[in-house]
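From first to last, the protein sequence lines stand for chains C and B. So the first sequence is numbered by the numbering used here: it starts at 1 and just counts up by one. So the second sequence is numbered by the numbering used here: it starts at 1 and just counts up by one.
There's no promise every hint is true.
Remember, identical chains collapse to one label, so a pair may be satisfied in a single copy or spanning two.
[As the list claims (entries may be wrong)] When the alpha-carbon atoms are kept at most 20 Å apart in a straight line, the in silico EDC-like pairs for lysine to aspartate or glutamate are as follows:
{"no.": "1", "residue 1": "41", "residue 2": "14"}
{"no.": "2", "residue 1": "85", "residue 2": "191"}
{"no.": "3", "residue 1": "120", "residue 2": "76"}
{"no.": "4", "residue 1": "85", "residue 2": "135"}
{"no.": "5", "residue 1": "41", "residue 2": "135"}
{"no.": "6", "residue 1": "51", "residue 2": "35"}
{"no.": "7", "residue 1": "78", "residue 2": "142"}
{"no.": "8", "residue 1": "120", "residue 2": "172"}
{"no.": "9", "residue 1": "22", "residue 2": "32"}
{"no.": "10", "residue 1": "120", "residue 2": "177"}
{"no.": "11", "residue 1": "78", "residue 2": "139"}
{"no.": "12", "residue 1": "41", "residue 2": "79"}
{"no.": "13", "residue 1": "78", "residue 2": "26"}
Since the hints were derived computationally from the structure, they do not count as laboratory data.
2 protein chains.
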Amino acid sequence: MQQRSEETRNRILEAANLLFSKNGYDATGVAEICEAAGVSKGAFYHHYPSKQAVFLADMENWLANVNQGFNLTRQETKDVPQALKQMAEMAGSIYQAADVHLSIFLEFWVQAYRDPVIWKAAISPYRHYQSYFAEMIREGIEQGSLRPVDPDHASRTLVSLSLGLLMQALFDPTGTDWQVETRDGIALILDGLIRRDI
Amino acid sequence: MQQRSEETRNRILEAANLLFSKNGYDATGVAEICEAAGVSKGAFYHHYPSKQAVFLADMENWLANVNQGFNLTRQETKDVPQALKQMAEMAGSIYQAADVHLSIFLEFWVQAYRDPVIWKAAISPYRHYQSYFAEMIREGIEQGSLRPVDPDHASRTLVSLSLGLLMQALFDPTGTDWQVETRDGIALILDGLIRRDI
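Extracted from the complex, chain C is given alone in its bound form (with noise of 0.2 Å):
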């Protein structure tokens, strides 16, 4: 029961988020999505209260991934400096499924300009790995492996050039190998932050 449960949840996200990409989340109705899906309204509105909340689902899940390998990673590496390498490899499968996604981060914004609600929910991924990677780097710091820099100033460096990164891979995504720029600017990074006096 529980797993036909998830099943249906699965099915009305996979058919929004075509909907949302297809005709914007705008022009999206409940009612469209239900027929996508082919799930009654009832059932829809037992999983989702809004199409608010499964544009939020659909978000959430995206992050719900790669956070995952994240984690992942940080348990299967070494030291903070190699953990941090690592996580710069994956940013090309994330831009692949961001890419599918791109339309629906685009509206995210957008909605996120007027609605509070969604707002709130746009911004708390970036407040989210701004601790976690502030975390690392203070770990990394007391571990010996990195300089004694501000993990707040560091870790936000990290954040917002690979938010620089993903946008530039959605919006341009053949103006450059977008894998290899991640790699080299998390190198280069991690350059002005290893610590070489020992």
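Dock chain B against the given chain C, drawing on the hints supplied.
Then chain B, alone, in the frame of chain C:
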């Protein structure tokens, strides 16, 4: 006569800017822009072939201001590392000017996704800054102030970091002091770039 022409263009730009911000690009018509600017349709079309042209001119104006500041800084500083530090200091005023245009920025990205002409206009500043800073870094390497890094990759890192910071400064203006973050982020990258063996 030329001065009056410029005044008219500015009035049209300002009125359009205000209406785009308030009601969105799609919902704003040439007739409304003319009414708000106090110009006739004839005068409008004398200066701009279309609503899109006004939209693009608005973005170009903002970029021209930024570029003017950058060029002046480059002339007035003794070497490339100092020029880059000085440019980072300009971030505060750039963000402030961009803040007024936040919704225009957003509209710009959304329209770029839909319209190839606007896409080209949206991408070209990134490509411009990419060459601009690669050239500067190349100069710094030749003059011996920077390490022999790949200028294109280093430039991409600077541009991407700046774009990511701008995005966050616009969407989360009270999240942190973005001017300080920009200064520290650029300084961190410079730490990885500056030549130390001399």
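Do the hints match the structure? See the list:
Taking the closest pair of Cα atoms, residue 41 and residue 14 come within 20 Å of each other only inside a single copy of the chain (16 Å); across copies the shortest separation is 46 Å, beyond that limit. When the C-alpha separation of residue 85 and residue 191 is checked against a cutoff of 20 Å, the pair qualifies both within a copy, at 11 Å, and between copies, at 18 Å. Within a single copy, residue 120 and residue 76 get their C-alpha atoms no closer than 32 Å, and across copies no closer than 42 Å, so neither meets the 20 Å cut-off. Taking the closest pair of Cα atoms, residue 85 and residue 135 come within 20 Å of each other only inside a single copy of the chain (16 Å); across copies the shortest separation is 27 Å, beyond that limit.
In the homo-oligomer, the alpha carbons of residue 41 and residue 135 never lie at most 20 Å apart, since the shortest distance is 44 Å inside one protomer and 58 Å across protomers. For a Cα distance limit of 20 Å, the shortest separation of residue 51 from residue 35 inside one copy, 14 Å, qualifies, whereas the shortest one across copies, 37 Å, does not. In this assembly of identical chains, the alpha carbons of residue 78 and residue 142 lie at most 20 Å apart only when taken from the same copy (14 Å versus 38 Å across copies). With identical chains, the CA atoms of residue 120 and residue 172 are at most 20 Å apart between copies only, with a shortest distance of 10 Å across copies and 27 Å within one.
For the homomeric pair residue 22 and residue 32, the shortest alpha-carbon distance inside one copy (12 Å) is at most 20 Å, but the shortest distance between copies (30 Å) is not. With identical chains, the CA atoms of residue 120 and residue 177 are at most 20 Å apart between copies only, with a shortest distance of 19 Å across copies and 32 Å within one. Only within a single protomer do residue 78 and residue 139 lie at most 20 Å apart by alpha-carbon distance; the minimum there is 12 Å, versus 38 Å between protomers. In this assembly of identical chains, residue 41 and residue 79 lie within 20 Å of each other by CA distance neither inside one copy nor across copies; the values are 50 Å within and 65 Å between.
When the C-alpha separation of residue 78 and residue 26 is checked against a cutoff of 20 Å, the pair qualifies neither within a copy, at 47 Å, nor between copies, at 52 Å.
Checked against the numbered hints above, the structure breaks hints 3, 5, 12 and 13 and satisfies the rest.
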